[in-house]
Amino acid sequence: MSAMLLSKEKWPQFVGKFAGKNLWAPKLEGEAMRFSPVEEGETPLLEFSNTRIPPKSAAFPQTETMFRFQLGNQEIKLPELGEEMILMGIRPCDARAMSIVEKLFRWDYDDPYYLERRNLITLIGLACNEPGLNCFCSSVGGAPDSTEGLDLLMVDLGDSFLMEAVTPKGEAVLKEAEDLLEKAGSEALKSREAITAEAGSKIRRTVDHKGIPEGLPALWDDPLWARVSASCIGCGTCTYLCPTCHCFDIQDEVEGFEARRCRMWDSCMFEEYSLHTSGHNPRPTRRERTRNRINHKYNYYVDKFDVIACVGCGRCINLCPVNIDIVEILRQVKEAL
Amino acid sequence: MDLEQLRKTAAEVVSREDVKYLIGWKKGTYGYRVAPVFVEDAAGAAELFFSPLCTANLTTYLTMAEKLPLPRGQEADKRKVALMVKGCDSRAVVQLLVEKGIHRDQVVVIGCPCPGMVDPALLAEKYKETEKPVDLKWDGDQFLLICDGEELAIPRDEVLAEKCRLCRYPNPVISDILLGDPVEKWEVAEDSGVAELDTLDINERWSYWQEQFSKCIRCYSCRNVCPLCYCQDCILDRLNPTWVNRAVNFSENTAFNISRAFHLAGRCIECGECERVCPANIPLGKLNRKMAQEVREKYGFEPGIDPDAEPFQASFKPDDPEDFIL
Amino acid sequence: MSDSFEPNIVAFLCNWCSYAGADLAGTSRVHYPANIQVIRVMCSGRVNPLYVMNALQQGADGVLVSGCHPGDCHYMEGNFFARRRLGMLKDLMEYVGVDPRRFHMSWVSASEGHKWKEVVEKTVEDAREAGPFEGFRRRRIDW
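So the protein sequences, as listed, match chains A, B and C.
Take the first sequence: its letters are residues 0 to 336, numbered as in numbering that gives the first Met the number 0.
Take the second sequence: its letters are residues 0 to 325, numbered as in numbering that gives the first Met the number 0.
Take the third sequence: its letters are residues 0 to 142, numbered as in numbering that gives the first Met the number 0.
If you're looking for bench data, these hints aren't it; they were derived computationally from the structure.
Hints should not be assumed to be uniformly reliable.
[As the list claims (entries may be wrong)] SDA-like, lysine to any residue: derived pairs with alpha carbons at most 25 Å apart:
(1) Lys25(B) to Glu39(A)
(2) Lys214(B) to Glu39(A)
(3) Lys114(C) to Pro69(C)
[Said to hold, decoys possible] Example chain C residues on the side facing chain A (calculated, C-beta under 10 Å, incomplete):
(4) Gln57
(5) Arg139
(6) Asp141
This structure is a prediction, so every number in the text was calculated from the model and none was measured.
Ideal Cβ positions, reconstructed from N, Cα and C, are used throughout, including at glycine.
Construct the entire structure; sequences and hints are all you get.
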């Protein structure tokens, strides 16, 4: 696949080719970066660590209508999910997360809502030159320049972006902008290697998960779970901001004689998530729910899909109101093993 | 406050037969973070500390203890919980007593007079967080940031948390043990944090709040961290009847936030936690403080001061204002 | 346009005074605007502010809560609680930016058929002036 160079002077023009055509990029909204539509004439500045809310809502919206129906007849109206989208500036960890989550949506049933949306998205990633304070992607199979899940990878070389196509979709993007691009020489490629290697060496937090997926079942009754979950307040922040979390709830909303069935994010950290109709709750306290969350990411998902469902983006660590730190929890798990 | 005295007192309290555990603050896992810690024995007390970064309100854990059904023959553990509180936090304890959410003999209150807390976001803006351990100390009307042996003086106004700027009760209003000397109250800021919005006209206010409520992701952090939101079954989570749909859109977000603010009217003790934890940075303080101000001005009541007071929304006075009634 | 706009008002009336007062207006052939939808509750103190929020969400342009005069509540104190709580609600809604003309509270006793007419007319007029409620109304979400 080709590697081309885009000088930063031509960046606004590059963006201009796609702006207004359902292009999304990180924008500062209030105090946090968030993926937002890019209108014509706007130029996103790609100077940020990572967005607060991951772009998983592109393929898995926080609330989506599954179908509409009316009282009295058997017809249902299905949605049309036909719009193509370009996500620009997504970090390699988030893109990797999307391919991890896709495994679940293809597991026993091909989820049409997720997969149709996912196939319409072109992912233009931005490699990390500076890892965040709590990033640990390299410990869980990622890297600052990982291309998994991406269609095109951009690396910031200082005065230009190196654009590496990964899939035919990425090639198509390069083709559309070919008048602005130059062929990338060996200088540029060397510079890219150096930059991403340095970024990798700057990652400060590490997780040694060797033996954890296999060893977790034995720790089911370990007192460590009560310890680490004591301060949890049971909000959904870690799950909502996690790029690999994908739990959802389905509700019917009735208005008059019409109704819609919609799917929305849910969180395994909420008490009512596992509440049965009988009133029994298999995960009655936060201890069980925290244990479940770690097991899901580092054990159950590995069992089913051979991959750890954590990409090391660090959002849960940054935003947990009470500083519950997954790296610290895994360290304690390793110690207990 | 003397940290040695704190740890010694905590170790003594935890070693008491009638105390189950003590809830305090310990250094977090990185940067400026501080985490709540549950100390169960005297050895654990060594982790405790008290610094300008201890903004978290620990009172919320009093009502968060989850009780599983007990096996036959086993008695419930009815021992007390010891709790470290600052001025604002102690008002939450009093309000819980007023509402009978807890009994006075269930809790040992360890009061810490508070000279003012730092907003970690403001601090991180000026002095980026690194992986090096840092310490923050009070020093008159400034803070000292200690990192790598170097001390940096930061003027208080630059990084003081908004809630502290508006603080009227730096000293605990209730305590069994008081650690440290009482702190002198400073001039209360006139604006109470809401004056700016009050001056706007109604449509401008609506645009402001419309923008804010659109950011909400319904994570429920604000509700869960609030010491006074402790209903076992929150009405805003209920299905059948569903008051607020689970779908996340502007209408439901607004209903959720306004309803929660209403449920806190006359109960909110302005600890500022909701604002601190919101991942979407919604200025919930401006919402809840407005209600607290109205209750103060129109009804002359301040929650969380008098443990024998009557709850605001469950009581009335014959001369309550009724100028709005047709 | 605004001439043909007919506001929808939801009214929560206490069973013993206001509902009876509204009934009296009816039997006395006092004409009052038909924009009003009455929901009978046993006491105004029973009105949960969530009802008001929900009514506005579901398409009401205005909400009215009416109860017995202070001192005359059938359950002694219910209307006092209502006065306090709904007073706070009105302040909160105005602060958030919802037009205060959309929410009213009144004391209408069982013998005040004419007062009922005036209360309804005021509520409807205010809602008409404020226009159709857009605010945080539930929008039809197609997809």
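Verification of the supplied hints:
no., hint, verdict
1, Lys25(B) to Glu39(A), "49 Å, violated"
2, Lys214(B) to Glu39(A), "23 Å, holds"
3, Lys114(C) to Pro69(C), "16 Å, holds"
4, Gln57, "8 Å, holds"
5, Arg139, "7 Å, holds"
6, Asp141, "7 Å, holds"
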